[in-house]
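Respectively, the protein sequence lines represent chains A and B. Just so we're aligned, residue 1 is where the first sequence starts under the numbering used here, counting upward by one. Just so we're aligned, residue 333 is where the second sequence starts under the numbering used here, counting upward by one.
These aren't lab readings, by the way, just hints derived from the structure by calculation. No experiment lies behind these values; they were computed from the predicted model shown. Please note: incorrect hints may appear among the correct ones.
What the hints assert, rightly or not - Capping the alpha-carbon separation at 30 Å, the derived lysine-lysine pairs in DSBU-like fashion look like this:
#  : chain 1 : residue 1 : chain 2 : residue 2
1  : B       : K424      : B       : K546
2  : A       : K295      : B       : K546
3  : A       : K66       : A       : K295
4  : B       : K342      : A       : K295
5  : A       : K10       : A       : K176
6  : A       : K10       : A       : K303
7  : A       : K66       : A       : K35
8  : B       : K532      : A       : K303
9  : B       : K532      : A       : K10
10 : A       : K66       : A       : K176
11 : B       : K386      : B       : K342
12 : A       : K303      : A       : K66
13 : B       : K364      : B       : K424
14 : A       : K303      : A       : K35
15 : A       : K21       : B       : K532
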Amino acid sequence: MSDTPLVDVKGLTVEFTGGGKPVRAVGGVDLTLAKGEVLALLGESGSGKTVTMRALMRLLPEKRAKIGGQVRVDGRDVLAMAPDELAAMRGRVISMVFQEPGIALDPVYRLGDQIAEAVMRHEGVSRTQGRARALELFERVRIPSAARRLDNYPHEMSGGMRQRAMIALALSCHPKVLLADEPTTALDATVQIQILLLLRELQRELGLAVVFVTHDIGVAVEIADRIGVMYAGRIVEAGSCSRVVMAPQHPYTQGLLASRAGHVFAKGARLGTIAGSPPDLANPPPGCGFAPRCKVAEAVCAKELPPEFEVERGHVARCVRLAPERVNAAVA
Amino acid sequence: MTLAVDLDDKDRGGPAQPLLSVAGLVKHFPVKKGFGGARSVVRAVDGVAFEVAKRETLGIVGESGCGKSTTARLLMHIIAPDAGDILFDGEKVGTAALELGSYRRQVQMVFQDSHASLNPRLTVEDTVAFGPRVHGFSRNAALGHAHDLLHRVGLEPSRFAGRYPHELSGGQRQRVNIARSLALQPRLLILDEPVSALDKSVEAQVLNLLLDLKDEFGLTYVFISHDLNVVRFMSDRVLVMYLGKIAELGPADTILQNPRHPYTAALLASMPSMDPNNRTQEAPLMGDPPNPIDPPPGCRFHTRCKFAAPICSAKEPPLAQLDAAHGVACLMAIPGSGHPRAPALASEAA
């Protein structure tokens, strides 16, 4: 059992219909997540990172989103589940922390009751036991004067406290997998680091597997064991956190790192940039999605989708320049 | 290009006179607490004073609720201050010497939300030409000027001039906003989180563009952001705000490499480390920024400060000058302030 991954996604595609042309938000994503592992999906808006994550819980609109490929969570096929099986899985096996707790939490129920309800629903316990569990969780996520805070409505809390409450709710039924969708993006810097440290601590103590979606490389480095860099609906590079940040292989990852304002100190210097803007996924480029913006693109890039090449054990990237025969030729 | 403006014509006080000089700026917003509750005030900006030299970039950083956007709106006179003066090139804004209309031709603003700040029913060229037309240019002259500007911000007029805002990406819309802000040949641009809503790869393009335009048109920037990396990259001097007050003000390199206010230090330490082998181990600050309604007495930061002493809740620190360029509002930096750490720190600075 131990070597079967907790989350196993193969050839995931998501297409949104209902507008004019169908939009292929995710164009073939493979990913695995072991028990107790933290994977960060890093990408810009429209790269498909959030859609990929929502597909793991089947949170996408059933009628408009066409999901292809295979999604297995804890050994079960999520795409084949009946509605009641899905409801039993969500929260119990896999749960989610959203970017905007102010929107994700129900504004008209007290926080303690929202958590108690989830526990009652999944574990069949009494309201009193549910509230007791809520109190325990509030203390766990370090909400000060937890007992009093249980009776708060979401609007009575600050952004950071609301996000802590959201995390408490997500953990209420002992999930194995936690999905976090930009949970710190809406927060101030001094609060963001507190939430990141809290998530890291909870992950370690509870042995959670975490998929963490973010657009901020710095945040990914703080939390992740592995990073998957997404662009135009595909994972273009994946590897251990240190490999991806210290030795990026894909031109997109390299460009992203060079464009960070943090590492240029000379006055009047300019940042490295990636020209242009991300492609329109209603008309995706036929070959490599990044080719139209790539400084080192070749004729073949516009025609064929490059396969994944393994540059080092566990570090893969989709770029033709990394084909073993070319790498070997360059070395020779 | 005809746009290379002879700024020196407008320059009155010479290079040594600050372009913008703000003194004692105060803005309080009245609020009611709950239904029929007591009236209280949000002290959004509470006695802020600073200068911006010609052709420099002043960065303003702080967390939400610190008053940085209110400051921007006050500078632009979108809202009127409760107290305080704004001097533009030596003239007091809103007096006969410098009427509001004339001031606003010389000071323009770029907002964070590139979508909300554009009129959805105007094409890109009409948006940029709008200001000049209001100020009496003919339609053709204004459009020609708009095309030059669009070209300059990297939007080819032949492709983009006739488009509407919803047909553009976020980065392109922000370029339109920048072109519009330059249409009246301003001297000062107030940039309120201009890249916060953009993707990282696009953010770098817009920051580079802003630096190029500043050189080309001899502009002065007030650059507001919550992102210290971006502020460090853009600014000559940095102003750190906390709950409506200035915490620290000084040259960007000094402030970001050797911060003297504990809040500035905490902000810097809160930035994610980029080294996977050396991650942040402890959060520099606990809790959220306090509510600017009824801020704490004394030093407003003392409730979150790890160096806070009893004196800090009683005595409000003034902005003390460590040297001619570097000011900090912390009792630890003021000799004889009564803070146990004060003398040692003061001798270190001397």
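Each hint, compared with the structure:
As the CA atoms of K424 (chain B) and K546 (chain B) are separated by approximately 25 Å, the hinted pair is consistent with the 30 Å bound. For a cut-off of 30 Å, the pair hint linking K295 (chain A) to K546 (chain B) stands: about 27 Å separates their Cα positions. The straight-line distance between the Cα atoms of K66 (chain A) and K295 (chain A) is roughly 34 Å, outside the 30 Å bound, and the hint therefore fails. Only pairs whose Cα atoms come within 30 Å are accepted, and K342 (chain B) paired with K295 (chain A) is rejected, the gap being roughly 43 Å.
Taking the CA atoms of K10 (chain A) and K176 (chain A), the gap is near 20 Å; set against the 30 Å cutoff, the hint holds. Taken as a hint, the K10 (chain A) and K303 (chain A) pair is honoured in the structure, with Cα atoms around 23 Å apart against an allowance of 30 Å. As the CA atoms of K66 (chain A) and K35 (chain A) are separated by approximately 28 Å, the hinted pair is consistent with the 30 Å bound. For the proposed pair K532 (chain B) and K303 (chain A), the alpha carbon gap of about 27 Å is at most 30 Å, so the pair holds.
At roughly 29 Å between alpha-carbon atoms, K532 (chain B) and K10 (chain A) fall within 30 Å of each other, so this suggested pair holds. Only pairs whose Cα atoms come within 30 Å are accepted, and K66 (chain A) paired with K176 (chain A) is accepted, the gap being roughly 26 Å. For the hint linking K386 (chain B) to K342 (chain B), the alpha-carbon distance of about 12 Å falls within 30 Å, and the restraint holds. Our distance criterion of 30 Å between C-alpha atoms is met by K303 (chain A) and K66 (chain A), whose separation comes to about 25 Å.
Annotation: proposed proximity of K364 (chain B) to K424 (chain B) is violated, straight-line Cα distance about 34 Å (limit 30 Å). Between the alpha carbons of K303 (chain A) and K35 (chain A) the distance comes to roughly 38 Å, so the proposed pair goes past 30 Å and is violated. Taking the CA atoms of K21 (chain A) and K532 (chain B), the gap is about 28 Å. The hint holds against a cut of 30 Å.
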